[in-house]
Amino acid sequence: MYDYNARWYDPYLNRFLSPDSIVPDPYNPIDWDRYNYVRNNPVKYIDEDGHFPVLPILAIIGGFILFSQVPSDQYQSDPSNHGDPVVMALGLMLMTAPAFGPGLCLNDGNCMNEIQAVSNIGQGLSQDGDPLNEAQAVSQVVNKGLNLLRTNAGQGYNSFTAFKNAQGSAGSGMAWHHIVEQNPANISRFGTQAVNNTSNLIRLPSGARLLHQQISGYYSSIQPLVTGSDILTVRQWLQTKSFEFQWKFGIELIEKFGGTKYILDQFGDKAK
Amino acid sequence: MTEKKIRNLIEIFSRAAKNHYEASLVGDWRTANKEAAIIRKTAKKLRSLGDEAREALLALSESEELSISAMAAVYSLLYSPERSISVLARIAKEPGLIGFEAEQALQRWREGTWKLED
Chain B
1161 MYDYNARWYD
1171 PYLNRFLSPD
1181 SIVPDPYNPI
1191 DWDRYNYVRN
1201 NPVKYIDEDG
1211 HFPVLPILAI
1221 IGGFILFSQV
1231 PSDQYQSDPS
1241 NHGDPVVMAL
1251 GLMLMTAPAF
1261 GPGLCLNDGN
1271 CMNEIQAVSN
1281 IGQGLSQDGD
1291 PLNEAQAVSQ
1301 VVNKGLNLLR
1311 TNAGQGYNSF
1321 TAFKNAQGSA
1331 GSGMAWHHIV
1341 EQNPANISRF
1351 GTQAVNNTSN
1361 LIRLPSGARL
1371 LHQQISGYYS
1381 SIQPLVTGSD
1391 ILTVRQWLQT
1401 KSFEFQWKFG
1411 IELIEKFGGT
1421 KYILDQFGDK
1431 AK
Chain Z
7 MTEKKIRNLI
17 EIFSRAAKNH
27 YEASLVGDWR
37 TANKEAAIIR
47 KTAKKLRSLG
57 DEAREALLAL
67 SESEELSISA
77 MAAVYSLLYS
87 PERSISVLAR
97 IAKEPGLIGF
107 EAEQALQRWR
117 EGTWKLED
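The listed protein sequences correspond, in order, to chains B and Z.
Residue numbers for the first sequence follow our numbering, so the first one is 1161 and each next one is one higher.
Residue numbers for the second sequence follow our numbering, so the first one is 7 and each next one is one higher.
Treat the hints with care, as some may be off.
Here chain B is said to cover these stretches of chain Z; the calculated rule only asks that three of the stretch's residues, wherever they fall, bring their Cβ under 8 Å from a Cβ of chain B [claimed, not checked]:
id : region
1  : 11 to 23
2  : 73 to 80
3  : 85 to 92
Anything over 12 Å on all C-beta distances counts as not near chain B; from chain Z, calculated [as the list claims (entries may be wrong)]:
id : residue
4  : MET7
5  : THR8
6  : ASP34
7  : THR37
8  : LYS40
9  : LEU55
10 : LEU64
11 : GLU70
It should be emphasised that the hints constitute simulated quantities derived from the structure, not laboratory data.
Given the structure is predicted, the values throughout are model-derived calculations rather than measurements.
Yeah, the Cβ is synthetic: ideal placement off N, Cα and C, and Gly gets one too.
Could you put the whole structure together from the sequences, leaning on the hints where they help?
What follows is the structure, encoded as structure tokens:
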């Protein structure tokens, strides 16, 4: 554990243990993930105070500037562009491509242990005649899933295509369903690795009026009871919420649409 | 005259609430949003007709059809929070989507993020 003044950093998780109390650059989408370390690019940046990613060369220059009594905000670097959303999107793509590897846990046995722990719940349910009822079982699976999210232990990919290439197709009559939707707002706020992550994708039946389409349709609809608004769609309302809020909402919705089996299957022993 | 108008509006509201829920269940968002617009406009007209119309909407929250009851309750929350919350709390215990939606409505109300009737 390392003390970075503003907060503690866990080298095992490759994450800070608490969110940044500030967003270093509100124009930079990756800075809205307030747990990331140096914009997920430790090769390029260093962090001296727990708040700001700084290019090492600029840190040195900054040191000189500091000695010269120049106001401190001048030694913060910002590798991205400002203002133009197209340029911002390009900046994000260029920035994240080298920083994100093919998966956060590819070489991490402990991550797989977490996933296996989730699998064991599903296995116990289906094969051991476990006395846990279905609701309790789902609750446990959901809690395990939340732990995966909170510890960033799922396996992430740089795109949905990369995810499918690695994890395979969802199977006949099924589709991979993002629990937290893959939309521009979520990609911008949380990054592709969080959205295209093994803890965020679940196989659901796909076809006209089947679960995948039912839930996607629900997100496109106006639901006054759910949102407290009769103007916003569920999707528009959700896009300002945290990743965890959206994930819990998405899982519960699958359950309420009768998809409990698929939640358990996804995290159970039968998971491919 | 006003009484008949209120009765008509309550009928329109009831039909739209039921259609909205049924469309939502099958993911038919186009129909759901069309019905949501009817619900919004009808509720606004009812509000403009004063307490008698508001009372009629509140009475609708006692409907046996839960989709109608829940929608009438959320559009009566600002007018009569106690009775509306009581209706929503009862529906929230129901299994399935309607129970989930009623629970969500109570959560939004508690959070203070309620936007209906603004």
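So, going through the hints one by one against the coordinates:
| no. | hint | result |
| --- | --- | --- |
| 1 | 11 to 23 | violated (count 0) |
| 2 | 73 to 80 | holds (count 3) |
| 3 | 85 to 92 | violated (count 0) |
| 4 | MET7 | holds, 28 Å |
| 5 | THR8 | holds, 24 Å |
| 6 | ASP34 | violated, 6 Å |
| 7 | THR37 | violated, 9 Å |
| 8 | LYS40 | violated, 10 Å |
| 9 | LEU55 | holds, 19 Å |
| 10 | LEU64 | holds, 16 Å |
| 11 | GLU70 | holds, 18 Å |
Of the numbered hints listed earlier, those contradicted by the structure are 1, 3, 6, 7, 8.
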